[in-house]
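> Each protein sequence line maps, in turn, to chains A and B. Numbering-wise, the first sequence is residues 1 to 325 according to the UniProt record's numbering. Numbering-wise, the second sequence is residues 1 to 325 according to the UniProt record's numbering.
Some clues are possibly wrong.
Dumping the calculated BS3-like pairs for lysine-lysine here, alpha-carbon to alpha-carbon at most 27 Å [said to hold, decoys possible]:
{"id": "1", "chain 1": "A", "residue 1": "277", "chain 2": "B", "residue 2": "256"}
{"id": "2", "chain 1": "A", "residue 1": "103", "chain 2": "B", "residue 2": "41"}
{"id": "3", "chain 1": "B", "residue 1": "297", "chain 2": "A", "residue 2": "103"}
{"id": "4", "chain 1": "A", "residue 1": "297", "chain 2": "A", "residue 2": "308"}
{"id": "5", "chain 1": "B", "residue 1": "308", "chain 2": "A", "residue 2": "41"}
{"id": "6", "chain 1": "A", "residue 1": "44", "chain 2": "B", "residue 2": "103"}
{"id": "7", "chain 1": "A", "residue 1": "44", "chain 2": "A", "residue 2": "32"}
{"id": "8", "chain 1": "B", "residue 1": "277", "chain 2": "A", "residue 2": "256"}
{"id": "9", "chain 1": "A", "residue 1": "9", "chain 2": "A", "residue 2": "41"}
{"id": "10", "chain 1": "A", "residue 1": "44", "chain 2": "B", "residue 2": "308"}
{"id": "11", "chain 1": "B", "residue 1": "313", "chain 2": "B", "residue 2": "297"}
{"id": "12", "chain 1": "A", "residue 1": "103", "chain 2": "B", "residue 2": "44"}
{"id": "13", "chain 1": "B", "residue 1": "308", "chain 2": "B", "residue 2": "277"}
{"id": "14", "chain 1": "B", "residue 1": "277", "chain 2": "A", "residue 2": "308"}
{"id": "15", "chain 1": "A", "residue 1": "297", "chain 2": "B", "residue 2": "103"}
{"id": "16", "chain 1": "A", "residue 1": "308", "chain 2": "A", "residue 2": "277"}
{"id": "17", "chain 1": "B", "residue 1": "5", "chain 2": "B", "residue 2": "41"}
{"id": "18", "chain 1": "A", "residue 1": "256", "chain 2": "B", "residue 2": "256"}
{"id": "19", "chain 1": "B", "residue 1": "5", "chain 2": "A", "residue 2": "277"}
{"id": "20", "chain 1": "B", "residue 1": "44", "chain 2": "B", "residue 2": "32"}
{"id": "21", "chain 1": "B", "residue 1": "193", "chain 2": "B", "residue 2": "256"}
{"id": "22", "chain 1": "B", "residue 1": "103", "chain 2": "A", "residue 2": "41"}
Listed next, the stretches of chain B that the computed footprint assigns to chain A, with coverage defined by at least 3 CB atoms under 8 Å from CB atoms of chain A [as the list claims (entries may be wrong)]:
{"id": "23", "region": "229 to 237"}
{"id": "24", "region": "307 to 315"}
Derived from the structure by calculation, the hints contain no laboratory data. Think of the CB as a built atom: it goes at the ideal place given N, C-alpha and C, for glycine as much as any other residue.
Number of protein chains: 2
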Amino acid sequence: MANIKEIAKLAGVSVSTVSRVLNNHPYVSEEKRARVLATMKQLKYARNMNAVHLITGRTMNIAIMLPFINHAYFSLLMEGAGQEALAASYRLILCQTGYAQDKEVEVLEMLRNREIDGIIILSSAVTPEQIEAYCPYGPIVCCLDAGERLFSSIYINHAEAFRRAMHYLIDRGHRRIGFTVGRLDSPSTRARKAAYEEVLEEIGEPSREEWILDGCIDLEDGAAIMDRLTEMEERPSALLVTGDHVAAGLIYEAEKRGLSIPRELAVIGFDNQPIGKMLGLTTIDNRLLDMGAEAFKIVYAHIQGERKDPVRKELPFELIERSSV
Amino acid sequence: MANIKEIAKLAGVSVSTVSRVLNNHPYVSEEKRARVLATMKQLKYARNMNAVHLITGRTMNIAIMLPFINHAYFSLLMEGAGQEALAASYRLILCQTGYAQDKEVEVLEMLRNREIDGIIILSSAVTPEQIEAYCPYGPIVCCLDAGERLFSSIYINHAEAFRRAMHYLIDRGHRRIGFTVGRLDSPSTRARKAAYEEVLEEIGEPSREEWILDGCIDLEDGAAIMDRLTEMEERPSALLVTGDHVAAGLIYEAEKRGLSIPRELAVIGFDNQPIGKMLGLTTIDNRLLDMGAEAFKIVYAHIQGERKDPVRKELPFELIERSSV
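Could you put together the complete structure from these sequences and hints?
Dropping the structure here:
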């Protein structure tokens with residue numbers, strides 16, 4: 001591999017002229033610039049970008065930490081971040097963790113080791129305190145509300161969205177309400193469960209553990225909800241389903257079995273995915289595309305030095321009325 | 001930031017001992033190793049991984065070039081590659097290009113600039129010749145058959161899959177067959193179109209340009225096919241739909257309008273996505289998860305020096321019979 005001394009010698013210019021050409025410095029004559037570029041091409045010169053990163057202190061890489069790649073929720077968030085990254089000429093490093101804490105810590109360590117300029121956390125199992133320990137090394141943003149922290153948050157208020165959906169159902173005569181979640185022990189599930197119990201207490205209904213259905217992640221889990229409903233002695237008249245794909249599986253299976261939606265079971269989804277629109281699903285739009293885009297912009301503003309303090313920003317959700325309630 | 005000289009001084013060991021600890025060299029006593037690690041912690045020492053990469057010549061990063069993130073086809077391929085990357089402690093750099101050739105060339109340049117160890121191309125607009133120009137700089141694999149090239153390919157035979165699906169329809173009495181594609185000018189579309197015309201010629205049917213429906217990418221495009229069918233003077237009795245999400249949109253809209261599937265319109269999908277399974281869609285499983293995994297393994301084997309020559313590997317597809325034909 002040629003180095004800049006060889007290029008200088010062959011092009012008949014000084015080493016500092018070659019350096020100026022490499023760094024797009026204005027004070028080089030067009031004639032010399034052309035000669036240097038031609039020589040670089042002739043010698044098949046390639047810059048080692050790791051060396052450039054070492055000097056500039058920037059990698060132009062941002063890690064995106066997520067448990068699973070192949071899931072519509074994360075795809076929308078990634079798409080939002082990806083569009084902004086493309087515009088800013090930044091690259092996203094896809095760090096799939098499967099919620100394994102050691103893999104998540106490896107991603108945080110990348111920031112400490114200066115392999116990346118920042119981190120966007122879509123969902124994780126590590127604690128906010130573990131994340132905070134890495135804040136001195138660069139900007140980190142989480143796509144959920146972790147409270148006042150050293151890192152930034154961009155989120156919708158899951159508890160408020162749940163309350164809104166519950167009241168929408170109650171206003172239409174429902175009192176027996178259940179809900180589905182992906183993981184029982186996640187922070188957003190805890191927020192939703194608290195809101196659920198609060199609203200039920202307001203209307204004098206007991207909270208029914210058997211109507212909280214966990215492990216609902218995708219279409220097939222949604223279809224399987226029908227079996228769980230069939231086995232119940234008393235069924236809820238309405239379900240909040242966290243994820244339009246889960247809701248779609250449920251609706252499709254319900255129709256197949258002749259259970260009328262919304263007459264026998266009202267359903268509200270979350271995420272506003274295209275499949276929900278197709279099925280006439282009433283849903284909470286939690287602005288995933290915008291959230292991904294905002295997450296990138298927050299990290300980027302920190303890298304550019306335009307921001308110093310962590311951002312904590314709530315995006316407004318929207319209830320989209322269709323025909324499933 | 002502390003350097004290894006300072007660590008050596010404070011820990012009371014030589015610089016080469018610190019270096020051995022950093023590189024997990026076996027010939028360091030446990031006592032000295034513990035002392036060095038404690039001192040590193042005390043001084044908040046962090047390795048600059050860009051410097052490490054500069055020395056080792058490895059970045060542990062592989063770029064994944066794709067046009068769109070938020071699409072079920074690419075999600076499955078990414079998931080397959082992501083699982084293997086996780087197991088190998090490699091990271092995937094997500095390079096969303098929107099089929100813009102200048103963005104695709106930027107990704108190829110990353111290989112030349114040694115920012116990555118290899119590239120997995122899921123789909124691209126650049127020519128095979130453009131890709132070949134970067135093969136001297138590291139391993140590249142494409143998820144389509146580009147012929148005998150300097151880079152590797154992992155693929156299913158799209159033409160053969162199309163012929164198989166056509167014959168399946170013909171065996172069940174269909175002669176008026178149409179098909180949908182995403183982009184008319186892609187290499188896989190050209191292969192499919194050639195197979196389509198070939199099979200029609202075999203059975204003495206003319207190829208009908210108006211039955212080749214392009215711009216069909218997602219659920220909503222699938223639903224919109226119904227309008228296009230309604231406007232036709234003569235309609236095909238069967239459609240090959242490249243993408244189960246497109247087929248799902250079509251089936252759902254057809255049912256809504258009272259068009260009986262398969263009696264009035266037979267449909268074969270491609271990809272074997274969960275939504276197709278739910279809808280009873282007959283489909284060609286083109287092994288996307290395996291293809292993503294194999295793509296990673298090929299690049300990885302080259303990086304590890306276990307392979308020298310480019311690989312050209314065809315994965316067998318499978319026709320999955322359900323109830324839409």
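> Each hint should be assessed against the structure and marked as holding or not.
A quick look at each hint next to the structure:
1. Distance check on the hinted pair: residue 277(A) and residue 256(B) sit about 14 Å apart at the alpha-carbon level, within 27 Å; holds.
2. With a CA separation close to 21 Å, the supplied pair residue 103(A) and residue 41(B) stays within the 27 Å bound.
3. For the proposed pair residue 297(B) and residue 103(A), the alpha carbon gap of about 20 Å is at most 27 Å, so the pair holds.
4. The straight-line distance between the Cα atoms of residue 297(A) and residue 308(A) is roughly 13 Å, inside the 27 Å bound, and the hint therefore holds.
5. Taking the CA atoms of residue 308(B) and residue 41(A), the gap is about 26 Å. The hint holds against a cut of 27 Å.
6. Simply put, residue 44(A) and residue 103(B) have alpha-carbon atoms about 21 Å apart, close enough for the 27 Å limit, and the pair holds.
7. Taking the CA atoms of residue 44(A) and residue 32(A), the gap is about 18 Å. The hint holds against a cut of 27 Å.
8. A threshold of 27 Å between alpha carbons decides the hint, and for residue 277(B) with residue 256(A) the separation of about 14 Å falls inside it, so the pair holds.
9. For the suggested pair residue 9(A) and residue 41(A), the alpha carbons sit about 14 Å apart, so the restraint of at most 27 Å is met.
10. About 22 Å separates the Cα atoms of residue 44(A) and residue 308(B), which keeps this hinted pair within 27 Å; it holds.
11. Between residue 313(B) and residue 297(B) the CA atoms are separated by roughly 12 Å; this keeps the pair inside 27 Å, and the hint holds.
12. Between residue 103(A) and residue 44(B) the alpha-carbon distance is near 21 Å, which keeps this suggested pair within the 27 Å criterion.
13. As the CA atoms of residue 308(B) and residue 277(B) are separated by approximately 40 Å, the hinted pair breaks the 27 Å bound.
14. Between residue 277(B) and residue 308(A) the CA atoms are separated by roughly 49 Å; this puts the pair beyond 27 Å, and the hint is violated.
15. A hinted pair counts as satisfied when its Cα atoms are at most 27 Å apart, and residue 297(A) with residue 103(B) qualifies at roughly 20 Å.
16. Proximity of residue 308(A) to residue 277(A) is assessed by CA-CA distance (about 40 Å); at most 27 Å being required, the pair is judged violated.
17. For the hint linking residue 5(B) to residue 41(B), the alpha-carbon distance of about 15 Å falls within 27 Å, and the restraint holds.
18. Between residue 256(A) and residue 256(B), the direct Cα distance comes to roughly 14 Å. Compliance with the 27 Å bound is thereby established for this hinted pair.
19. At roughly 62 Å between alpha-carbon atoms, residue 5(B) and residue 277(A) are farther apart than 27 Å, so this suggested pair is violated.
20. Distance restraint check for residue 44(B) and residue 32(B): the Cα-Cα separation of roughly 18 Å lies within the 27 Å cut-off, and the hinted pair is therefore satisfied.
21. Between residue 193(B) and residue 256(B) the alpha-carbon distance is near 30 Å, which puts this suggested pair outside the 27 Å criterion.
22. Distance check on the hinted pair: residue 103(B) and residue 41(A) sit about 21 Å apart at the alpha-carbon level, within 27 Å; holds.
23. Under a criterion of three residues with beta carbons nearer than 8 Å to beta carbons of chain A, the stated coverage of the region 229 to 237 of chain B fails, only 0 such residues being counted.
24. Taking a C-beta to C-beta cut-off of 8 Å, the region 307 to 315 of chain B contributes 0 residues in contact with chain A, too few for the three needed, and the coverage statement is violated.
The structure fails to meet hints 13, 14, 16, 19, 21, 23 and 24 from the earlier list, while all remaining hints are met.
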